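Asks: Keeping their order, the protein sequence lines are chains A and B.
Mapped onto the working numbering, the consecutive letters of the first sequence carry residue numbers 230 to 339.
Mapped onto the working numbering, the consecutive letters of the second sequence carry residue numbers 405 to 517.
Read the hints as simulated data drawn from the structure, not as lab findings.
Everything numeric in this text was worked out from a predicted model, so none of it was measured.
Some hints could be false.
[Claimed, not checked] Pulled from the structure, derived: some chain A residues nowhere near chain B, Cβ distances all over 12 Å: (1) Glu243; (2) Gly257; (3) Leu303; (4) Ser324.
[Stated by the list, open to error] Beta-carbon label-pair distances, calculated as ranges: (5) B/Thr515 with A/Ser334: 34 to 40 Å; (6) B/Gly407 with A/Met239: 25 to 31 Å; (7) B/Ala406 with A/Lys310: 39 to 45 Å; (8) B/Ala406 with A/Ser256: 26 to 32 Å; (9) B/Thr474 with A/Lys297: 44 to 50 Å; (10) B/Thr409 with A/Ser324: 24 to 30 Å.
[Claimed, not checked] What the simulated footprint calls covered on chain A by chain B, stretch by stretch (three residues with Cβ under 8 Å from a Cβ of chain B suffice, anywhere in the stretch; the number is not a length): (11) 266 to 277; (12) 307 to 316.
Quick reminder that beta carbons are idealized off the backbone N, C-alpha and C, glycines included.
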Amino acid sequence: GQNIDQPTEMTATEGAIVQINCTYQTSGFNGLFWYQQHAGEAPTFLSYNVLDGLEEKGRFSSFLSRSKGYSYLLLKELQMKDSASYLCAACLRGSYIPTFGRGTSLIVHP
Amino acid sequence: EAGVTQFPSHSVIEKGQTVTLRCDPISGHDNLYWYRRVMGKEIKFLLHFVKESKQDESGMPNNRFLAERTGGTYSTLKVQPAELEDSGVYFCASSKGDLREQYFGPGTRLTVT
Numbered sequence: 230g231q232n233i234d235q236p237t238e239m240t241a242t243e244g245a246i247v248q249i250n251c252t253y254q255t256s257g258f259n260g261l262f263w264y265q266q267h268a269g270e271a272p273t274f275l276s277y278n279v280l281d282g283l284e285e286k287g288r289f290s291s292f293l294s295r296s297k298g299y300s301y302l303l304l305k306e307l308q309m310k311d312s313a314s315y316l317c318a319a320c321l322r323g324s325y326i327p328t329f330g331r332g333t334s335l336i337v338h339p
Numbered sequence: 405e406a407g408v409t410q411f412p413s414h415s416v417i418e419k420g421q422t423v424t425l426r427c428d429p430i431s432g433h434d435n436l437y438w439y440r441r442v443m444g445k446e447i448k449f450l451l452h453f454v455k456e457s458k459q460d461e462s463g464m465p466n467n468r469f470l471a472e473r474t475g476g477t478y479s480t481l482k483v484q485p486a487e488l489e490d491s492g493v494y495f496c497a498s499s500k501g502d503l504r505e506q507y508f509g510p511g512t513r514l515t516v517t
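Chain A on its own, in the form it takes in the complex (with noise of 0.2 Å):
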């Protein structure tokens, strides 16, 4: 099955760097998603992880390890408008159909 971990809440300050983790367990995986959601609104694709390594898009960077099963997703340079949900979600080998975890809320702070 897929178990996806990942905690309830974290908090930062402006400006800083935040790392959220993320722990799988499934018996097959094709790859790793990272999904943005703010109060209210739609869940917003952030990054896809197939393979081992880290990926950067700006301030946003998402790093997977396979044999690990772990995922974390890093946010540099804070800003308040970063205040938001952060769903973790894998895929079995063959679907592309997430498998979310509970998110993790990130409050900003000044």
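Given chain A, put chain B in place with the hints provided.
Replies: Coordinates of chain B only, in the frame set by chain A:
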């Protein structure tokens, strides 16, 4: 380009009633997905359409839920009769050829009392 839209944004109904949720995907997106998030839990997959055909409906909880996509454009999700545990936020998403890039709608918050 308009995004995925969902109607209504909120719905409050009594147990035993029927509710129909609507999703309009991004124009040209053949793939349409329904998801649900119940209070305090994770978003869960319900089903996947490719055009008007159901590709995967493994996530549909029971036969009180009926999804349709006649004509391969918009989709409806009917809950009949609604139960208390059906309360939650129902998301729709669509994608074109690349199944990884799913665009989500803002969701419909359903409250069954």
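Asks: Evaluate each hint against the coordinates.
Replies: Each hint tested on the structure:
1. Interface exclusion of A/Glu243 from chain B stands, the closest Cβ pair being 27 Å apart, more than 12 Å.
2. Remark: the non-interface label on A/Gly257 is consistent with the geometry, its nearest Cβ contact in chain B lying 15 Å away (cut-off 12 Å).
3. For A/Leu303, the non-interface assignment is confirmed: its Cβ lies about 20 Å from the closest Cβ of chain B, beyond the 12 Å cut-off.
4. Distance check on A/Ser324: its Cβ comes as close as 8 Å (rounded) to a Cβ of chain B, failing to clear the 12 Å threshold; non-interface status is violated.
5. The hinted window of 34 to 40 Å between B/Thr515 and A/Ser334 is violated, with their beta carbons roughly 22 Å apart.
6. Hint check: B/Gly407 to A/Met239, Cβ distance near 28 Å, so the stated range 25 to 31 Å holds.
7. For B/Ala406 paired with A/Lys310, a C-beta distance near 23 Å fails the hint of 39 to 45 Å.
8. Range check, B/Ala406 to A/Ser256: about 39 Å between beta-carbon atoms, so the 26 to 32 Å window is missed.
9. About 46 Å separates the C-beta atoms of B/Thr474 and A/Lys297, a value consistent with the hinted range of 44 to 50 Å.
10. About 26 Å separates the C-beta atoms of B/Thr409 and A/Ser324, a value consistent with the hinted range of 24 to 30 Å.
11. Only residues whose C-beta sits within less than 8 Å of a C-beta in chain B count toward coverage, and the region 266 to 277 of chain A has 7 of them, enough to reach three; the restraint holds.
12. For the region 307 to 316 of chain A, the stated coverage by chain B is not satisfied: 1 residues place a CB nearer than 8 Å to a CB of that chain, which falls below the threshold of 3.
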